[in-house]
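Q: These are the residues of each chain, in order.
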Amino acid sequence: MYGNDFSAPGTAPQAQPHTEDGFEDFWAVVDADGRIEPRDAMPEAYRKSLVRQIAQHAHSEIIGMQPEGNWITRAPSLRRKAILMAKVQDEAGHGLYLYSAAETLGVDRADLLDMLHNGKQKYSSIFNYPTLTWADMGAIGWLVDGAAIVNQVPLCRCSYGPYARAMVRICKEESFHQRQGFEILHSLSHGTEAQHAMAQDAVDRWWWPSLMMFGPPDDDSPNSERSMRWGIKRFSNDELRQRFVDMTVPQAEALGLTPPDPDLRWNEQRGSYDFGEIDFTELFEVIKGNGACNKQRIGHRRKAHEDGAWVREAADAYAAKRDPGRTARTTEVA
Amino acid sequence: MPEQSRRDWPLWEVFVRARRGLSHVHAGSLHAPDAEMALRNARDLYTRRQEGVSLWVVPASAITASSPDEKDSFFDPAGDKIYRHPTFYDIPEGVEHL
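First to last, the protein sequences are chains A and B. Counting in our numbering, the first sequence runs from 814 upward without gaps. Counting in our numbering, the second sequence runs from 10 upward without gaps.
Excised from the complex, chain A in its bound form (with noise of 0.2 Å):
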């Protein structure tokens, strides 16, 4: 999964002016596309920007369990429901993998999850739409974490070690994520017209969200400069757009169904499928809360979290008992 970090408009932090004054070792490494490792002097914008970005990330991956989840008890049959639940705790730990890298950059993860709950933080604006089918689980892995691949891969190689770490282990991850979902929509594509009517349907609702992941176009993209001079962003957003619309089309018409857009085609001179035009005022709107299942979402959460709390008192409560001095240790298993 994927979390978009862009905001709508007039609404995003200023971005702060940055200054290159003292700071000749990080920009030393960064120029000679080396790593920022976390005790390395680095700038306060470029460490903020990574918090808010990371955070974001971690934030979606937890948020998009959800939209999945909601599937698990009516998945078709015990082999589909053993892929889901694997998947859907693949997210959570992809999200565990990025709140501890997160935290290498002097934030308590405590601090980052209060920051979703009261809605300082966001997530990826994607899981505010509702899982409606179960064709819907096919889409959301074929479309949703694909455009979260093509997203993800440039980051393995961005300037601070511990996010381009993170996001090696969530990429391998994530390729059987698009695989199992690819495969959903292809045996219900070849099944039933029914089941082909779903299938559709479900590529019609999130065939446009899942362009709007790669968040607005370049020329109203404000933070994307610095980003890419920080070398946390490698591509433009409409460079990954791009490259996420060419591979997807062939798949589409190898699962036999068609992605809504009249105006999608393929350009010789280009060598690139043009596209028509992304009506982004649905995707602000989402941004600020107006989407179809932001209140549930982070609804579900909060109490997810309240209910958890007995679960990590008792925890903590055998520990102080078995250990009262909570003397730090190491411990092995062979």
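What the hints contain is simulated information worked out from the structure, not anything from laboratory work. Keep in mind that this is a model prediction, so the values were computed, not measured. The reader is advised that the hints may include incorrect statements.
Claimed, not checked - Not close to chain A: a few residues of chain B, all C-beta gaps over 12 Å, as computed:
{"id": "1", "residue": "D17"}
{"id": "2", "residue": "S38"}
{"id": "3", "residue": "L54"}
{"id": "4", "residue": "D85"}
{"id": "5", "residue": "A87"}
{"id": "6", "residue": "H94"}
{"id": "7", "residue": "P95"}
{"id": "8", "residue": "T96"}
{"id": "9", "residue": "Y98"}
{"id": "10", "residue": "P101"}
Claimed, not checked - Computed footprint of chain A on chain B, listed as stretches where at least three residues anywhere in the stretch have a Cβ under 8 Å from a Cβ of chain A:
{"id": "11", "stretch": "40–51"}
{"id": "12", "stretch": "66–77"}
Said to hold, decoys possible - Chain A stretches covered by chain B per the calculated footprint, using a threshold of three residues with CB under 8 Å from any CB of chain B:
{"id": "13", "stretch": "847–854"}
{"id": "14", "stretch": "905–912"}
From the three backbone atoms N, C-alpha and C, an ideal C-beta is built for every residue, glycine too.
Following the hints, position chain B against chain A.
A: Positioned in the frame of chain A, the structure of chain B alone reads:
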């Protein structure tokens, strides 16, 4: 109280041995109330696809690290000792197994 106690859960660094014959390698970190829970969480988090045959969890507070600020002076002593590398030495042509 519970929220406060959760914030106090120590941070554990996780090291994974991928298979016999290899060293443990740092994989990431996690929070847990005690070592046993840290191990179980590390198994679920870092070895979901059989990435390891052995795990270490180490309290992050127990690790002493060199400072990046002194990276030059700290590692300088090795910088001018190129004679520690075999490529430093001139060997006549035709001499083998050396």
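Q: Work down the list of hints and note, for each, if the structure agrees.
A: Verification of the supplied hints:
no., hint, verdict
1, D17, "8 Å, violated"
2, S38, "5 Å, violated"
3, L54, "6 Å, violated"
4, D85, "16 Å, holds"
5, A87, "20 Å, holds"
6, H94, "23 Å, holds"
7, P95, "28 Å, holds"
8, T96, "24 Å, holds"
9, Y98, "31 Å, holds"
10, P101, "39 Å, holds"
11, 40–51, "holds (count 9)"
12, 66–77, "holds (count 8)"
13, 847–854, "holds (count 4)"
14, 905–912, "holds (count 3)"
Going through the hint list in order, the structure does not satisfy hints 1, 2, 3.
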